[in-house]
Amino acid sequence: MKRFFDAELETFRSHLVLMGETSIRQVRDAIRALVDADISLADRVIAADDEVDRLEIKIDDEAIRYMNLRSPVATELRFVIVGMKASHDLERVGDEASNIAKRAVKLAAEPPLKPYVDIPRMGSIALEMLRDALDCFLHTDAEKAIAVIKRDSEVDAINRQLYRELTSFMIERPGNISRAIELMFISKSIERIADHATNIAEEMVFLAQARDIRHTDELKKSGTE
Amino acid sequence: MDPLPAPPVAPAVTVPASGPAAAAAARTIIDIDHVDFFYGPSQALHDISLRLDEKKVTAFIGPSGCGKSTLLRCLNRMNDLIDGTRVARGSIKIRGINIHDPAVDVIELRKRVGMVFQKSNPFPKSIYENITFGLRLQGVKDKGRLDAVVEKSLRGAALWDEVKDRLHTSGLGLSGGQQQRLCIARAIAVEPDIILMDEPCSALDPISTSKVEELIHELKREFTIVIVTHNMQQAARCSDQTAFFYLGKLIEFAETRTIFMNPTNPQTEAYVSGRFG
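In order, the protein sequence lines correspond to chains A and B. Take numbering that gives the first Met the number 0: the final residue in the first sequence is number 224, and no numbers are missing along the way. Take numbering that gives the first Met the number 0: the final residue in the second sequence is number 276, and no numbers are missing along the way.
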């Protein structure tokens, strides 16, 4: 049976999807701005952060209003709570993308330290994780969400590998230090983005199954190294 | 002379507006001003002042005996039917007309201010006759017009599809939820301005309740609705504004969202959180 306030929930869902799409685009463009040394693209990523921030406030407002007036229960209650939490993660994703873009601007002024291979690879895994996690807002799918969580270790592994590699660049030549540090921070930002995707995926398992799997070992054991 | 004339072009009373949009959107239809009400020697309402906007849903909430139903029944002078009751002070104006003015025809007032009760009370007549009862009293005999009103009212009350094939069977044969919607259809058949609802869902199951809540949401396009409810979730879901009463006093009146999110008065907060009442 349809209810007169169902449209409010659909608006909430569409704002979440919009926020997800916007933050995914930010991450993708930030990495592209780095690889292509494209300063104007980096500037656009930084500017888009305001839009993500506004969406976060709007989503919070809608969630609070819905909980206040519509007394949601069961799946609907979980959806509103999860949506609110996911929007905080997406806001942080937007911040990380913005950080990457700012560092990309600095790096664009100098020749690349090395060909960018690992960072785009890491970025595309993080983006796939983010997209798969957010897909669950449209089609609830705990299996897909769990697959996202398992991929977090892939990103962590590349981050560690890059850290070692960049450290050796710095040891070899002090002139590399400033660029290597920027790249380390970028790598860390991507690793954080994957963590936020993981958080969202964990929330999606809660949405689908009302089961809280955070801070448990059950997934880590079966994860890829 | 029509005791409750149609609204003048310029509104008789306007709500103090916070901006041009607010001025355009909200217009006071019911103006309750410093009302004291007594049942014999006992005072049931103390100095109530409240202005209700046109085409809005206002919920009256509060624990039993707080005066919310009494105030509701003041709005179409239903309390006149109880001996020893009186409005000792203050006034109630509907569209600027004092409803206690000797020139006001009470029957006409109740036509303008319809009522739906806690327990559905269809007349022991057919569905069709229930709806047309008020119009027939007014002397309307034109079958075409009566048929049209029956269909329009039943559609308005979201009941048409369920009863269109048995309009001439008894209204008492309907389910509880259908009977309540029949009473709403009967109330809107005479095209009132205002519909008062005194716990319209308290005797209904959740599905019928949500149908009536849907209906309230639809009806506010055309009517001003005042609903008394003990169900706070219902007040939150259905109403635009909420008034909280306690011990015969109006404690707080605000946008429903404010009452349930950030009430000013600690008593309101305690009541809506279920900590007293």
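Errors might be hidden in some of the hints.
With a straight-line cut-off of 30 Å between C-alpha atoms, the simulated DSSO-like cross-links for lysine-lysine are [what the hints assert, rightly or not]:
hint, chain 1, residue 1, chain 2, residue 2
1, B, 219, A, 1
2, B, 55, A, 1
3, A, 57, A, 1
4, B, 151, A, 57
5, B, 151, A, 1
Going by beta-carbon spacing under 7 Å, a handful of chain A positions derived as facing chain B [said to hold, decoys possible]:
hint, residue
6, 3
7, 67
8, 68
None of these hints come from the bench; they were simulated from the model. C-beta: ideal position from N, C-alpha, C; glycine also.
Tested hints:
This hinted pair checks out: residue 219 (chain B) and residue 1 (chain A) have alpha carbons roughly 18 Å apart, not beyond 30 Å. For the proposed pair residue 55 (chain B) and residue 1 (chain A), the alpha carbon gap of about 22 Å is at most 30 Å, so the pair holds. Proposed proximity of residue 57 (chain A) and residue 1 (chain A) is supported: the alpha carbons are some 24 Å apart, at most 30 Å. Note on residue 151 (chain B) and residue 57 (chain A): the hinted pairing is violated, with a Cα-Cα distance of about 39 Å set against a maximum of 30 Å.
Under the criterion of a C-alpha separation no larger than 30 Å, the hint pairing residue 151 (chain B) with residue 1 (chain A) is consistent with the structure, at around 22 Å. Contact between residue 3 (chain A) and chain B, as hinted, is supported at the beta carbon level, the nearest pair being about 4 Å apart and thus within 7 Å. Given hint, residue 67 (chain A) at the interface with chain B, holds; its Cβ is 5 Å from that chain's nearest Cβ, closer than 7 Å. Proximity of residue 68 (chain A) to chain B holds as hinted, the smallest CB-CB distance being about 4 Å (cut-off 7 Å).
Hint 4 from the earlier list is the only one contradicted by this structure; the remaining hints agree with it.
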